[in-house]
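Spelled out, the chains give:
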Amino acid sequence: MKQLLILGAGSAGTMMANHLVKALPQKGWQMTIVDQEKTHYYQPGFLFLPFGTYAESDIIRPIGQFVPKGVKLVNSAIDRIVGEENKVLLANGEALAYDLLIVATGSHIAPEEVAGLLESGWRKDVFDFYTFEGAKALRDKLANWPGGKLVVHITEMPIKCPVAPLEFAFLADDFFKQKGIRDKVDITYVTPLPGAFTKPTASRKLGYLLKEKNINVVTDFYIEQVDGTDKKIVDYGGQEVQYDLLVTVPTNKGDECIARSGLGDELNFIPTDKHTLQSKAFDNIFVLGDATNLPASKAGSVAHFQAEILTENVLRYVEGKPLKADFDGHANCFVETGAGKALLIDFNYEVEPVEGTFPIAGVGPLRLLRESRMNHWGKLAFRWIYWNMLLQGRPIPFVKPQMSRAGKNISTAVPETETVH
Amino acid sequence: MQKLINGQPIDVNEEGYLTNLTQWNEGVAETIATEEGVGPLTTRHWDVLRFLQDQQRKEVALTIRRIGQSGVVSIKEFYDLFPGGPLKKASKIAGIPKPASCI
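Chains A and B are the protein sequences, given in the same order.
Its first residue numbered 101, the first sequence is counted upward by one per residue in my numbering.
Its first residue numbered 10, the second sequence is counted upward by one per residue in my numbering.
Take the hints with a grain of salt, since some may be wrong.
Derived coverage of chain B by chain A (criterion: at least 3 residues anywhere in the stretch with Cβ under 8 Å from a Cβ of chain A; other residues may be distant) [as the list claims (entries may be wrong)]: (1) 17-25; (2) 41-53; (3) 102-112.
Don't read these hints as lab results, they were simulated from the structure.
Ideal placement from N, C-alpha and C gives every residue a C-beta, glycine not left out.
Take the sequences, apply the hints, and build the full model.
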């Protein structure tokens, strides 16, 4: 029996298990999936938990619930991958041999990477919302917070779900309005990038959102330290931003087991072929989801599209056929803008988010890069889709793994009419 | 679109970032550096610019942290060399895309 091993039973690993179980066992392969967690988290829900929109029970399920029959689930932390010997050492002392390995170990926050972050009132007046614990702690804080300076901060790129901090700022604006204390809250969005929006079309079309919601923006801020005594964050250029409540997205890193395996870059992300999803180090190791170093968004939708393409490539690899270079960086994300509205963006390596209709060209019903209530309902409905369709690897109607150019105003993205200097 | 930089027509995007690295040369870099309030360019500037281009050719996404860990320049010195938004300014001068997020 040949062995297929999947590391990580989050969104990406679980989808791969569900796709491959339909084809591999009948070809004489045994499938195993390893994860240290007992809980599967609906991670997009971490954005809503602090505002009380979702309850804890809405966003957690037992991890084994989505691992299909025919795939063995091993509940253990991973020590390391030994690529030269085609085996994985587990923290529990076990060694698992593989013929083909799929790495889906994701990314996590590393607050220890910023000086003073963990020593300065962590989860008292400094919070993250990228973990279940952090989002819960922030919910409890926001419930009684009287107002003051709220700073929403990104440490450095890349981060999981790059739009989440912006969504958090928009939802916070709405939350404090509902509470009747918006006039007591000063919201500042602090980013290491040159703007809250960095793509030309999005900058032009969406810049109004920050003004309309009275959110201050500090750009090009690369944090050096958190000063918990004076309650300020300080950057390498000497800029300072005061806070009463700091909601920060710390450095995101790949799993430590990747560093122990010698397979990662300086942030533990794995060098991966951007089109085939084969690791650069070993032909029989494939990588998907947040664990890769690809210049694509770290998002569930990306993992979903990659899973469909990687399934075909794994089957081709098993049959000795050449791989297909089909992954185009496709991502599809709802962006909450508050007050029951949301945007939808659909883009890939080549095409930035533009206006249009989705998923049916010219029809919709969803609008791209424009606020609408329908988009917001789409985002909320997505939780059901995630638990009931996405994890099981069921196809989403009309949505293909590669980005469709139909229904997009791509010509507006490149202003050809501008004066030639 | 094209822009006349140092007397040569260069392909740039609407924010003035080069869209074709092969059109870059040292004269182009000097001209953009002056426009950005950086410069004149010293050996240390060139070390950093060449490192950025090298990373771009390898398709490695750049962050200030990566640059700080490269051994080419410390983050403090990077700020001193390209004051006020070092990564976006250095990228523009090096002829590579602006650091960006997905939206």
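**Message:** For each hint given before, does the structure comply? Return the numbers of the non-compliant ones in rising order.
**Reply:** Hint 2 alone not satisfied by this model.
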